[in-house]
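**Student:** For reference, the chains in residue letters:
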Amino acid sequence: MRTYAYFPGCSLKATATPYETSLLDVAGALDVEFRELDDWNCCGATAYFSIRETLSHAISARNLAIAEKGGLDLVAPCSACYLGLSKTNHYLQEFPELKRRVDGALAAGGLAYGGSVRVRHALEVFVQDVGIDAIEDRVRKPLDDLKVAGYAGCQMVRPYGFDDAEVPVVLDRLTAALGGTPVDFPLASRCCGGAQVMTNQPVALAMCRELLACAEGRKADVIVTTCPLCHMNLDLFQGKVNAAFGTSFHIPVVFFTQLMALAFGLQRTGIDKNIVPASPTLAGLMAG
Amino acid sequence: MPRIGVFVCHCGSNIGSVVHVPEVVQFASGLPGVVHAAEHKYMCSDPGQEMIRQAIREHGLERVVVASCSPLMHEATFRKTCEEAGLNGFLFQMANIREQVSWVTEDKARATKKAMAVVQAAVHRVVGHVPLQVGTVPVTPATLVIGGGVAGIEAALQVASSGTRVHLVEREPSIGGHMARFDKTFPTLDCAACILTPKMVQANTHPMITVHAWSEVVEVSGFVGSFKVRIHHKATYVDHQKCTGCGACLQKCPQRKIPSEFDYGMMNRRAIYIPFAQAVPNKPIIDREHCQWFQAGKCRICEKVCEAKAIDYDQDPAGWTEEVEVGNIIVASGMKVMQPTDMKHLGYGRLPDVYTGIEFERLCHASGPTEGHIVCKTGGVVKAGGRPPKAIALVHCIGSRDQQHHAYCSRVCCMYALKYAHLVKEHVPGCEVYDFYIDMRCFGKGYEEFYNRLLREDVRFVRGKVAEVTDAALYPGEDGRMVVRVEDTLVGAVRRIPVDMVVLCSALEPAEGAKALAQTLHMGCSSDGFYLERHPKLAPVSTASAGIFVAGCCQGPKDIPDSVAQGAAAAAQALAMIMKGQVEVEPTTAHVIDDLCSGCQICIPLCPYEAIHRDEARRKAYVEPALCKGCGTCVGACPSGALQQWGFDDTQILAELEGILAAR
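Chains as they are written, first to last, in the numbering used here: chain A, 1 to 288; chain B, 1001 to 1664.
A hint or two may mislead.
What the hints assert, rightly or not - With a straight-line cut-off of 25 angstroms between C-alpha atoms, the simulated BS3-like cross-links for lysine-lysine are:
id: 1; chain 1: B; residue 1: K1344; chain 2: A; residue 2: K147
id: 2; chain 1: B; residue 1: K1344; chain 2: A; residue 2: K219
id: 3; chain 1: B; residue 1: K1465; chain 2: B; residue 2: K1425
To be verified - Simulated DEER-style distance windows between Cβ atoms:
id: 4; chain 1: A; residue 1: T199; chain 2: B; residue 2: V1494; range: 17 to 23 angstroms
id: 5; chain 1: B; residue 1: G1349; chain 2: A; residue 2: R2; range: 35 to 41 angstroms
id: 6; chain 1: B; residue 1: R1387; chain 2: A; residue 2: P96; range: 55 to 61 angstroms
id: 7; chain 1: B; residue 1: P1259; chain 2: A; residue 2: M1; range: 48 to 54 angstroms
id: 8; chain 1: A; residue 1: P96; chain 2: B; residue 2: L1657; range: 35 to 41 angstroms
id: 9; chain 1: A; residue 1: G239; chain 2: B; residue 2: D1528; range: 49 to 55 angstroms
id: 10; chain 1: B; residue 1: D1479; chain 2: A; residue 2: T181; range: 18 to 24 angstroms
id: 11; chain 1: B; residue 1: T1489; chain 2: A; residue 2: G239; range: 33 to 39 angstroms
id: 12; chain 1: B; residue 1: A1318; chain 2: A; residue 2: R2; range: 24 to 30 angstroms
id: 13; chain 1: A; residue 1: R2; chain 2: B; residue 2: P1259; range: 41 to 47 angstroms
id: 14; chain 1: A; residue 1: R2; chain 2: B; residue 2: T1321; range: 56 to 62 angstroms
id: 15; chain 1: A; residue 1: P96; chain 2: B; residue 2: A1109; range: 45 to 51 angstroms
Quick caveat, the hints were computed from the structure, so don't treat them as lab data. Quick caveat: nothing in here was measured; it's all calculated off a predicted structure. Even for Gly, the Cβ is constructed at its ideal location relative to N, Cα and C.
So here's chain A without its partners, still in its complex pose:
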C-alpha cells in the first residue's frame, strides 16, 4: 500500500466530480491510498498569483504547512493546483523576503512551513511510483482500437513538470499500457485558454478550436486530459467552439483516470457525465 496526502482542489468537488471518483477508484485498484488533506483551502488558482502575491502564496503555503505535519507527498490531480502548490514551494525557497511575509501569515494561523513537502501530480504518482508495468498488469478490458490524443496541457509540464515541456510523452505511455493507440498530437502541451474562457472568451475558444482541429485531424476517438480546466474548456465549450467557428467537432474528452477505470473494468468511470457523448469506439468499449 502506497500512501499519499491528497489535495482534491475545488474542481474535483464540483465541476470535475467524475475525475475524483475515477481517481479514487483507480487508486484503490492499484493499492494506493489518498488521504484527503484535513481542512484544505483553495490553491489560489492561477490568476491570483499575479494579483496579490503574498496572499496567494500564503493560502497555498497553508495547504503545504498542513501537509508537512503528515510527512507524506502531497498529490494534486488538478494541474492548476499542482502548478500553484509547486510554485509556492519553489518561490519560498528562492525569495527569502516573500518567505518572511508568508511565514508571518502562517504564524498568525498557528502554522509553520519548513519547505519539505514534495508536490506530485496524480499522473506522476501512477506512472512513476506505481509504474507502467503494474498498471498494464491491472488492465482487464484493453482499450483495443481506441485512438487517444494525449493532451497534457501546459500547467502540468511547465515550468515545474515531470514530463517534457514541449513533447510530453507520459500520457502516450499510459495509453499504450492500457491497450489503446496514442495518436501523434503535436499540440500536447499547448494552452487550452485556461480561465480566459470566462474573461476573454473569443481568445479561449480560438485556442480550443486549434486543439480540437488537431485531434480531429489525427483521427482521435478521444482526447485524454490531466486537468479539470482543460477538460471543461474542451468538453463543456465544444459546442460554443462549433457555434463560433462553424465547425462540427464531436470529440469526447475524458480524464486519464476515466480511461484507466475503463481499462481496469471498474464500475464507475463517469464517462457518461461528459457533455460530449462517447464516440462509437469509446461507447463500444464502455458497453463491452
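Let chain A serve as the given structure and place chain B on it in line with the hints.
**Tutor:** Just chain B, lined up with the frame of chain A:
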C-alpha cells in the same frame, strides 16, 4: 631615495574630463623622492614620449611613473621610452588611472582623489624596483598548425611559402574543414570548392608542409621557441605510402550502409572510405567498427582488390605517435554547428524536412544526397527525385542571441540565409522563400549590397523570432505541410505560414574537444568557450601563451574572409619570430631563494606551465625561466617565502599597498 619622475596623461578627454590632472600633478610633486612631475594631453604620442626622455636626461631621473591607461595597453611603449633615454625599462611603473579610475568613477572629486592614491602607490612601489634584463631564447624554424580548415590551410601555406617547415595536423581523415562541405560562398556566390580544393592540394604537395591527417596533438611541452609536440596518428589500416588512391577498394567493400559523417548521415559510405571525392589526402581509411573483417573475421575483399598491397589489417589499433619540434604554434581548430535537438518546438529531428543550415548546404551541393536538387524527403529519406518544396522557411538566430543558449551572434547566419534564399529562388522556380530574422546583420564588404539584391528577388522577409514549427494543421492549405508560427513585428500580428521545408540557422559553437586542447596548450577560453586572444585590437591573433597564436572560428564565430585573414595574420606573427631567430622572454619570472627553500615541492604541481622541478642534487626547487610565465601562483603558495618574482617581490608589493592606503 632614487630620483623619481611622474608623468600624468589626460588621454584626450578619457582621463582629463573626469580626473583633475593638474591637481594630481601637484600632489605627485610633493611625494617623497619625486623631483619632477608633468602632464601631457597624449603621453603615448611622440611629443609625450619625448617629454619623458628629456626629463630623464635633464633631471637625472632614476625611476619613472606614468599615470595613464592599463599596462596591457602601453607598458611596453613606456618601457621602451625609458630605455631610449638610457634608463632600464623595469625602473618604470605604470599607474592605471583610466580603466581603474576615470572610466569607472563618475564623481570628479572622488576620481581625482582615487587617481592620487593610485599614483602614490606607484611612486612607493617604483622605489624598490631593480633593473632587469630581457632574455632571449632561440626559435626552432618550424611551425605547428592545429586544424586543417580554411584558416589552418591559409596559415600553413603562408608560413611554408617562406621556406619554413610546417606540420599541419587535422583530426579528420581529410583537411578542408567545414568549408569543404559548402556549395557556394556569400556574397559573391563563387564556388567554394573552386577556392578551397586547390589550396588543399597545394598544402598537401608543398615540400615544406607535412600534412598529418587523421591525427591529433596529444601533448605539448617546452616553451616559446622550442615546443616539443607529440602527434598521435590514428590507425588507418591502409599504408598510405603504398596506396595509389585508385579507389578499387571503395567500390568493392560490401559494407555500404554506414551513415557518412561528412554528409551528417544523409548519405552512406563504406567501411573503407575517403570522406568525400576531393578529400586530401585522397587515400582511404578503414573504419574498424564497421569492417566485416575486424568485426566478424571474414571478408578481406579490399585486400584482394588492392593491387598496390596497401591494405594492412595488422596496424596497431592504438595508432602511433611521433614527436616534432617547432618554434611556435598556430591553433586553427575551428568550430562545430549546434544541433538544435533540444529546441523541440522547432521540430528538428521530429518533422522530416527540418534541416540545420549546414545540412541544407549539402542539399544544395552537387555531390550531396540530392545531387544538388532542393527537394523534400521521399518516404523519410533524403534523395534525388523528391518533390520540390512550394515554400521554404529560413530561420535565423537558432541558439544565437538567445539567453537560453548562446548570448553571442554567430555572425555568418544572416549572410548564409541570404545565400540560401538566392539558391532556392535559382534552383526551385516558383518556390516562396520566407526569411525569419531578428535583425539583418550584413556588415561585411559587399554584404549589404547582397541583401539589397535579395530584396529585389522576391524573398519574403519576416522580422520576428519563430515561436514554433508545427505539423498541426488548422486552416486549408496547411494539411500535410509544416506551419511556422511567428510574431511578425513589422506587421504587429501573429502569423501562420505554411511551408514544406525549414532551415534552422543554428549557432556556431566551440569545436568538440576545444577545452581539452586549451588545457594541452595552456590557453585561456572566454566564457562562451572560444579561445581568448591576448587583446582584441592590439594582439588579435596572439594568446596569453607566448608563441601560440589563434586563427579562425576557434577564437569566435567568423566567416571565410575573416578566417583566412586571421590565418594569414597568425602566419605573419609566427614568421616574424622565426625570421628573427630568437624571441625575448619577460624577465618577471619567479625564482627560488635557495637559503629559504626547504624542498617541500608544494610549488611543483601548482605550476600551470610545468616550469618548476626539483634540483635533486641540491634538494631545492628550480624555476626554468624560459617556461615561467610569471603568473605568481607558486610565489603565493610557498610556505617559507622562498619563491619570489622579479618585479613583484614582497617589498615592492607591500610598498604599493602602503602607498594606496596612505592616501585615504
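**Student:** Assuming the hint says 33 to 39 angstroms, is it satisfied by the Cβ distance from T1489/B to G239/A or not?
**Tutor:** For T1489/B and G239/A the Cβ distance comes to about 36 angstroms; the hint holds.
**Student:** Using the C-beta atoms of P96/A and L1657/B, is the stated range 35 to 41 angstroms upheld?
**Tutor:** At 37 angstroms between Cβs, range holds.
**Student:** Range first: 56 to 62 angstroms. Now tell me if the beta carbons of R2/A and T1321/B are that far apart.
**Tutor:** Given about 58 angstroms between the Cβ atoms, the range holds.
**Student:** Determine whether the Cβ-Cβ distance between G239/A and D1528/B falls within the hinted range of 49 to 55 angstroms.
**Tutor:** 54 angstroms, holds
**Student:** In this structure, is the beta-carbon distance linking A1318/B and R2/A contained in 24 to 30 angstroms?
**Tutor:** Given a distance of about 53 angstroms, which is not inside 24 to 30 angstroms, the answer is violated.
**Student:** Lying within 18 to 24 angstroms: is that true of the beta-carbon distance D1479/B to T181/A?
**Tutor:** Taking Cβ atoms as reference, D1479/B and T181/A lie about 21 angstroms apart, which means the hint holds.
**Student:** Need the status of pair K1344/B, K147/A: alpha-carbon distance at most 25 angstroms?
**Tutor:** Roughly 24 angstroms separates the two Cα atoms, so the pair holds.
**Student:** So does R1387/B sit 55 to 61 angstroms from P96/A, Cβ to Cβ?
**Tutor:** 60 angstroms, holds
**Student:** Note whether the CB distance of R2/A and P1259/B lies within 41 to 47 angstroms or breaks it.
**Tutor:** Holds: the Cβ-Cβ distance is about 45 angstroms, inside 41 to 47 angstroms.
**Student:** Does the Cβ-Cβ separation between P96/A and A1109/B fall within 45 to 51 angstroms?
**Tutor:** 37 angstroms, violated
**Student:** Are P1259/B and M1/A spaced within 48 to 54 angstroms by their CB atoms?
**Tutor:** Holds - the Cβ-Cβ distance for P1259/B and M1/A, about 50 angstroms, lies within 48 to 54 angstroms.
**Student:** So does T199/A sit 17 to 23 angstroms from V1494/B, Cβ to Cβ?
**Tutor:** 20 angstroms, holds
Hint compliance for this structure: hints 12 and 15 are not met, and every other hint is.
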